[in-house]
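Engineer: Spelled out, the chains give:
Number of protein chains: 2
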Amino acid sequence: MAAVKVAILGFGTVGQGIYHIINEKREQFKETLGVDIEIAKILVRDVTKPRSNAPQDLITDNFEDILAIPDLQVVFEAIVGEEPAFKYSALAIENGCNVITANKVMFSKHGLALQEKAKQYGVQVGYEATTAGGVPVIKTMQNILRVNDVHHIQGILNGTSNYILTQMRSEGLAFDDVLKDAQSLGYAEADPYNDISGQDAFRKLMILSALAFGKQPRWEDVDVIGITEITSEQVDKASAKGLRYRHVADVQLGENGELIAKVGPELVGPEHPLYSIEGVNNAVALDTNYIGTLTLVGPGAGMFPTASVMVEDYADMLAKQTAPVTI
Amino acid sequence: MAAVKVAILGFGTVGQGIYHIINEKREQFKETLGVDIEIAKILVRDVTKPRSNAPQDLITDNFEDILAIPDLQVVFEAIVGEEPAFKYSALAIENGCNVITANKVMFSKHGLALQEKAKQYGVQVGYEATTAGGVPVIKTMQNILRVNDVHHIQGILNGTSNYILTQMRSEGLAFDDVLKDAQSLGYAEADPYNDISGQDAFRKLMILSALAFGKQPRWEDVDVIGITEITSEQVDKASAKGLRYRHVADVQLGENGELIAKVGPELVGPEHPLYSIEGVNNAVALDTNYIGTLTLVGPGAGMFPTASVMVEDYADMLAKQTAPVTI
Numbered sequence: 012m013a014a015v016k017v018a019i020l021g022f023g024t025v026g027q028g029i030y031h032i033i034n035e036k037r038e039q040f041k042e043t044l045g046v047d048i049e050i051a052k053i054l055v056r057d058v059t060k061p062r063s064n065a066p067q068d069l070i071t072d073n074f075e076d077i078l079a080i081p082d083l084q085v086v087f088e089a090i091v092g093e094e095p096a097f098k099y100s101a102l103a104i105e106n107g108c109n110v111i112t113a114n115k116v117m118f119s120k121h122g123l124a125l126q127e128k129a130k131q132y133g134v135q136v137g138y139e140a141t142t143a144g145g146v147p148v149i150k151t152m153q154n155i156l157r158v159n160d161v162h163h164i165q166g167i168l169n170g171t172s173n174y175i176l177t178q179m180r181s182e183g184l185a186f187d188d189v190l191k192d193a194q195s196l197g198y199a200e201a202d203p204y205n206d207i208s209g210q211d212a213f214r215k216l217m218i219l220s221a222l223a224f225g226k227q228p229r230w231e232d233v234d235v236i237g238i239t240e241i242t243s244e245q246v247d248k249a250s251a252k253g254l255r256y257r258h259v260a261d262v263q264l265g266e267n268g269e270l271i272a273k274v275g276p277e278l279v280g281p282e283h284p285l286y287s288i289e290g291v292n293n294a295v296a297l298d299t300n301y302i303g304t305l306t307l308v309g310p311g312a313g314m315f316p317t318a319s320v321m322v323e324d325y326a327d328m329l330a331k332q333t334a335p336v337t338i
Numbered sequence: 012m013a014a015v016k017v018a019i020l021g022f023g024t025v026g027q028g029i030y031h032i033i034n035e036k037r038e039q040f041k042e043t044l045g046v047d048i049e050i051a052k053i054l055v056r057d058v059t060k061p062r063s064n065a066p067q068d069l070i071t072d073n074f075e076d077i078l079a080i081p082d083l084q085v086v087f088e089a090i091v092g093e094e095p096a097f098k099y100s101a102l103a104i105e106n107g108c109n110v111i112t113a114n115k116v117m118f119s120k121h122g123l124a125l126q127e128k129a130k131q132y133g134v135q136v137g138y139e140a141t142t143a144g145g146v147p148v149i150k151t152m153q154n155i156l157r158v159n160d161v162h163h164i165q166g167i168l169n170g171t172s173n174y175i176l177t178q179m180r181s182e183g184l185a186f187d188d189v190l191k192d193a194q195s196l197g198y199a200e201a202d203p204y205n206d207i208s209g210q211d212a213f214r215k216l217m218i219l220s221a222l223a224f225g226k227q228p229r230w231e232d233v234d235v236i237g238i239t240e241i242t243s244e245q246v247d248k249a250s251a252k253g254l255r256y257r258h259v260a261d262v263q264l265g266e267n268g269e270l271i272a273k274v275g276p277e278l279v280g281p282e283h284p285l286y287s288i289e290g291v292n293n294a295v296a297l298d299t300n301y302i303g304t305l306t307l308v309g310p311g312a313g314m315f316p317t318a319s320v321m322v323e324d325y326a327d328m329l330a331k332q333t334a335p336v337t338i
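Chains X and S supply the protein sequences, listed in that same order. When we follow our numbering, the leftmost residue of the first sequence carries the number 12, and every step to the right adds one. When we follow our numbering, the leftmost residue of the second sequence carries the number 12, and every step to the right adds one.
Excised from the complex, chain X in its bound form:
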């Protein structure tokens, strides 16, 4: 039985989810993955904060303690924001450690560079959790891209916006009222700017673009419009015509190989693959050359969906190692 040491960076919702799943499944993973996973350290900002859900001796606020773990195999990066997440991820890779991240702000900007660095150091980067939460769009796309070309991606990538638009239509409520409800239900942050402005969906779209096309459009060329200007009257008028507002992140390959991307509200009819995606769900529709249109739907956020796809990233790395070598 191989004992492996992992560390968690950031101990908010997602970090705690990883801690929970790895401990809950530790015995099972010995059998199914063939490894005994030990969480060796957890990096936090404030070590003095009382924590009931992890032993105090695992907690540190010093990244040097993480790098000092002997034979550290994987860092689960669940920090919010670009820095120090990028710096720590790069350092981990340079120390021969695999990185699995949920950080869309960091990865949308530095993902291609981190993957390049990982190649150079012979380690892997998992980033399923950066985009669409529990929906395995990254692995699905990595897989189909081996044979198919993806030429158009349309996604509902922000559950908060989709929840608000759904409630405005189904309950006939105004934007502000639904936002307040969403905040009290935990579906929207106290500061909802990133969600309702479209910036969150934009970052996730850039991650999908880098994967599908190996590049991103120039960020300043992408129109990013949120849902804040949509009125109840517009929603009612659309409903009367059998249409629904969806907040759609959209990137496609133009005829000359250029990328055309936009993020904003769209009116879609029943034939559209995103028409039926309701509530806090996320969805991604991929137009491909051989398969046609493939749509994935599921929870776009949440402690366990997000944390579980990060642990799956790790399991996937192990599976690649232990695969039969006969082919």
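It should be emphasised that the hints constitute simulated quantities derived from the structure, not laboratory data. It cannot be assumed that every hint is accurate.
One copy or any two copies: either way a pair holds, since identical chains are not told apart in the list.
To be verified - Derived lysine to any residue pairs resembling SDA-like cross-links, with alpha carbons at most 20 Å apart:
no. : residue 1 : residue 2
1   : K130      : P276
2   : K150      : L44
3   : K150      : G92
4   : K41       : K128
5   : K150      : D247
6   : K226      : Q39
7   : K98       : V15
8   : K41       : L156
9   : K226      : D247
10  : K130      : G45
11  : K16       : R37
12  : K41       : R157
13  : K60       : N73
14  : K226      : R157
15  : K130      : E42
16  : K226      : T43
17  : K98       : L123
18  : K130      : K226
19  : K98       : T177
20  : K16       : R157
21  : K252      : E200
22  : K16       : K41
23  : K150      : L222
24  : K130      : L44
25  : K130      : L102
26  : K41       : Q153
27  : K41       : D160
Got chain X; can you put chain S on it based on the hints?
Structural biologist: Then chain S, alone, in the frame of chain X:
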């Protein structure tokens, strides 16, 4: 550049699709997969039938010719029906050859045994194409099962049935009229029994059951009902209530670990994950413990969707071989 030899068993729609994709992408695969794939032989029933789409010297009706190919790496099994598909697949495995199959009739019955045999001989079996055509439900489930438990699977697994139900509702037509249309459009076979009786969906459900739960229910315990008894009046009455008929294949784990499975028409409302799946699409909704409900939607049949996921099975085998070994 590693040159690899593969063979295709059966040269109907799917077999021809594989031949087309491998040749169309051969140069690209040299770069992306690192192999030069040569189709060494194609097994058919009738060698005298004129074929414009493959050189005559590749064609054989003798399976011994397939086994005699030196260093044969992969057999793409695209035969219809249980035999000789099972016999050939087993022989290929015993000869150290990987098998990739699209054959739901064979695999629903012999899949677990073939996978056991493959383990024993150190080769792999790919079967993405057996279920839901171009929708990558097998690989998605293999991946999420490493961390999540799947406890309930509901699928629209037969595109013909779904097309007929969709047209009956949206066009107000009778079953027999839609079936005739479907046959003239190529969406239904001349003998539509397997599709409209539910038998086709049943076989695919058994494949999903074996993957998710490691076992199947006793086949004779599963109620399998087709769509042939549904009348226009019933469809209209459902529509008036905001409900839709869907032909649903359903398997779940009962409280005592027993499997409960059924295949048949169900009335579903707008909140159901399969409500919005229209036309010839297939869909599978997986209820999991951490992620929640994940739904995959896409084309359930067709030459290129089916053939491309078989080539992806092969690419996946290669990716497992060539993965970094640092973890």
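Engineer: The structure should be examined with respect to each hint, and the outcome stated for every one.
Structural biologist: A quick look at each hint next to the structure:
no.	hint	result
1	K130 x P276	neither (38 Å within a copy, 50 Å between copies)
2	K150 x L44	both (18 Å within a copy, 17 Å between copies)
3	K150 x G92	neither (23 Å within a copy, 32 Å between copies)
4	K41 x K128	neither (30 Å within a copy, 24 Å between copies)
5	K150 x D247	neither (38 Å within a copy, 41 Å between copies)
6	K226 x Q39	between (39 Å within a copy, 19 Å between copies)
7	K98 x V15	neither (23 Å within a copy, 42 Å between copies)
8	K41 x L156	between (32 Å within a copy, 15 Å between copies)
9	K226 x D247	neither (39 Å within a copy, 49 Å between copies)
10	K130 x G45	between (25 Å within a copy, 16 Å between copies)
11	K16 x R37	within (12 Å within a copy, 41 Å between copies)
12	K41 x R157	between (31 Å within a copy, 12 Å between copies)
13	K60 x N73	within (15 Å within a copy, 73 Å between copies)
14	K226 x R157	within (17 Å within a copy, 31 Å between copies)
15	K130 x E42	between (29 Å within a copy, 17 Å between copies)
16	K226 x T43	between (36 Å within a copy, 17 Å between copies)
17	K98 x L123	within (14 Å within a copy, 47 Å between copies)
18	K130 x K226	within (17 Å within a copy, 39 Å between copies)
19	K98 x T177	neither (39 Å within a copy, 53 Å between copies)
20	K16 x R157	between (32 Å within a copy, 19 Å between copies)
21	K252 x E200	neither (32 Å within a copy, 37 Å between copies)
22	K16 x K41	within (13 Å within a copy, 37 Å between copies)
23	K150 x L222	both (10 Å within a copy, 19 Å between copies)
24	K130 x L44	between (24 Å within a copy, 16 Å between copies)
25	K130 x L102	within (14 Å within a copy, 39 Å between copies)
26	K41 x Q153	between (27 Å within a copy, 17 Å between copies)
27	K41 x D160	between (37 Å within a copy, 16 Å between copies)
Figure legend: structure checked against the earlier numbered hints; hints not met, in rising order: 1, 3, 4, 5, 7, 9, 19 and 21.
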